[in-house]
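K.L.:
So you can see what is in the structure, the chains are spelled out below.
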Amino acid sequence: MNFSAETRAACNTAAAKRSYNLQRFLDGWALFYENPVGKLGVFLLACFGVMALISYIPPLIDPMYHPMTGVDPWISNATGPSAKHWLGTDNLGRDLFTQLLTGARIAFMVGISAAFMSIVFGTLIGMIAGYAGRVTDAALMRFADMIMVMPSLLVVLLLASLFGQLNIWIIVLLIALFRWPGVSRVIRSQTLSLKQRPFIDMARVAGASHMRIIFRHILPNVLPMACLYMTFRVTSAIIVEAALAFLGFGDPNTVSWGMMLQWVWKTGHMFQAPYWLLPPGICISLITLSFYLIGRAMEEVLDPRLRKEENFE
Amino acid sequence: MPDTPAEPMVQIQGIKKTYSEDRSLFARSAQALTAIDGVSLCIEKGEVFGLVGASGSGKTTLGRLLLKLEEIDAGQIRFQGKDISGLKGAALKDFRRRVQLIPQDPYQSLNPYMSIFDTVAEPLIIHGIRSSEARRQKAAQALDAAGLSPAADFFPSYPHQLSGGQRQRAAIARAMVLSPEFVIADEPTSMLDATISFTIFKLLADLRKTQGVTLLFITHDLAAARFLCDRIAVIYKGQIVESGLSEQVINNPGSDYTRALINAQPRFSFVNQ
Chain H
28 MNFSAETRAA CNTAAAKRSY NLQRFLDGWA LFYENPVGKL GVFLLACFGV MALISYIPPL
88 IDPMYHPMTG VDPWISNATG PSAKHWLGTD NLGRDLFTQL LTGARIAFMV GISAAFMSIV
148 FGTLIGMIAG YAGRVTDAAL MRFADMIMVM PSLLVVLLLA SLFGQLNIWI IVLLIALFRW
208 PGVSRVIRSQ TLSLKQRPFI DMARVAGASH MRIIFRHILP NVLPMACLYM TFRVTSAIIV
268 EAALAFLGFG DPNTVSWGMM LQWVWKTGHM FQAPYWLLPP GICISLITLS FYLIGRAMEE
328 VLDPRLRKEE NFE
Chain V
76 MPDTPAEPMV QIQGIKKTYS EDRSLFARSA QALTAIDGVS LCIEKGEVFG LVGASGSGKT
136 TLGRLLLKLE EIDAGQIRFQ GKDISGLKGA ALKDFRRRVQ LIPQDPYQSL NPYMSIFDTV
196 AEPLIIHGIR SSEARRQKAA QALDAAGLSP AADFFPSYPH QLSGGQRQRA AIARAMVLSP
256 EFVIADEPTS MLDATISFTI FKLLADLRKT QGVTLLFITH DLAAARFLCD RIAVIYKGQI
316 VESGLSEQVI NNPGSDYTRA LINAQPRFSF VNQ
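Protein chains in written order, with our numbering: chain H, 28 to 340; chain V, 76 to 348.
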């Protein structure tokens, strides 16, 4: 190993002594980016990110381009693509392209916040269940099982019909509340194996409290896995939100892709206006695909067994 | 030093520990495994006590019981005259400050996400040393004493950047940073190669001399035990088969098992003439 001496020398120079976390992140990123799957995922996601960012611009150019309230005064029915409206307009004369851009923003908002919340719940509950063991573990995991077998969409629909129109944030919260059990199971199993590692015993010998062991010793070690699961949760959150919106239980004050689909369907343009139906449908598929691809590529980075060509020295 | 009037550091009386397999709904009978079967020992203040035994003899379990990582099923462990079985809260924390562990596997015993400084300073934070300047100083002292100097160079490193011997030194620094009175070294060199092992043994001997710490040295290596220990106990299948001054046990083994253990050692010209 002729490079190991150099590597070690490099490691010992003060400049190269980066934090372990940063180093691991950079190594992981290099591996991640080698993977065409990950590259495609990042590319797609970047496209949607750009869409979400530029969604703020059209309403500034002309109030007519506001996704909710901007109506083209010259148009009173759905029209196809034109120079003025790149994707056409809906039946009220609202610009579909701006709606599509705004939809990206809403998808990110819903997907990431719901996924983040479910990851926080799932990680906390999983760590506590795995670390505490015994009765606590059994109780928490049975509770997780119960939520897991509940048909989440049905329950949300029921709640929506009981309480009327749901605010977008309530929807996000509901998605998060239904999506943590899967995460908590994975984090629990990781915690169970971490608990057997000697450094946890070392922490106990040093007199560390349970809180300290969970947050200082277990949390950093399960965080990469939690991040991985977050990408999968984003996907499911976006799909659930779109389904709810399409079924007419979305927040009527937001322009999500699901809402666009619902408008197409409600106004009877399903088969008359492909320029209205297709873009949001394609966008939903692609954004979930991009998160899924990123998740898959991340999984390969985190789980060495999945790496195909590992060359051992 | 069997007849010192001072109170012994650790007194163990007839302790037992059995592990039963988790009784599941469908299992006919739960099989119990006796790891420690009626061990009694006495470790004097300031001595190095060797606990020698083969794998699976229960020596690591005994260490874990002494550290109160696991609870005994029967018998009594007294640390400085006080029974440790009921320790809770502040008393347990005080016990944790006085008793430390030097772990077996330096590759597994350091949290990979914590820098060496964080690792060594963690016990200080836990035991309420608030000032960060004091923590830095104490951590630096401990690392220097453990042979990682200049200490400041090692502060920002992470375990994966260190060699096995360096990691074990960091683990020793972490164990010694609170100036404990009793340290259990559980096969501290089983993952290290021979030359590095020797430097670690020398370090432990130094620490005993300079800090006056009482050491329980758990090992399967009789040569190491003879080098380091004042007294030795040989453990086999959870029972102490022999104990005494280390020279005496090794030169005149009283039990068949000890003799077998000595014969199993690779013989070099400088061992046993």
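It is worth saying that the hints were derived from the structure and are not from the lab. Ideal Cβ positions, reconstructed from N, Cα and C, are used throughout, including at glycine. Don't take each hint at face value.
Cβ-to-Cβ under 7 angstroms is the rule here; a few derived chain V residues that face chain H [stated by the list, open to error]:
no.: 1; residue: Thr135
no.: 2; residue: Ser160
no.: 3; residue: Leu162
no.: 4; residue: Lys168
no.: 5; residue: Leu176
no.: 6; residue: Pro178
no.: 7; residue: Gln183
no.: 8; residue: Tyr188
no.: 9; residue: Glu256
Looking from chain V toward chain H, a few residues come up when the C-beta cut is under 7 angstroms (computed) [to be verified]:
no.: 10; residue: Arg171
no.: 11; residue: Asp180
no.: 12; residue: Leu185
no.: 13; residue: Ile204
no.: 14; residue: Val316
no.: 15; residue: Leu320
no.: 16; residue: Gln323
no.: 17; residue: Asn326
no.: 18; residue: Pro328
K.L.:
Any hints this thing doesn't respect? Which numbers, in order?
P.N.:
As far as the earlier hints go, 1, 2, 3, 9, 13, 14, 15, 16, 17, 18 are violated by this structure, in ascending order.
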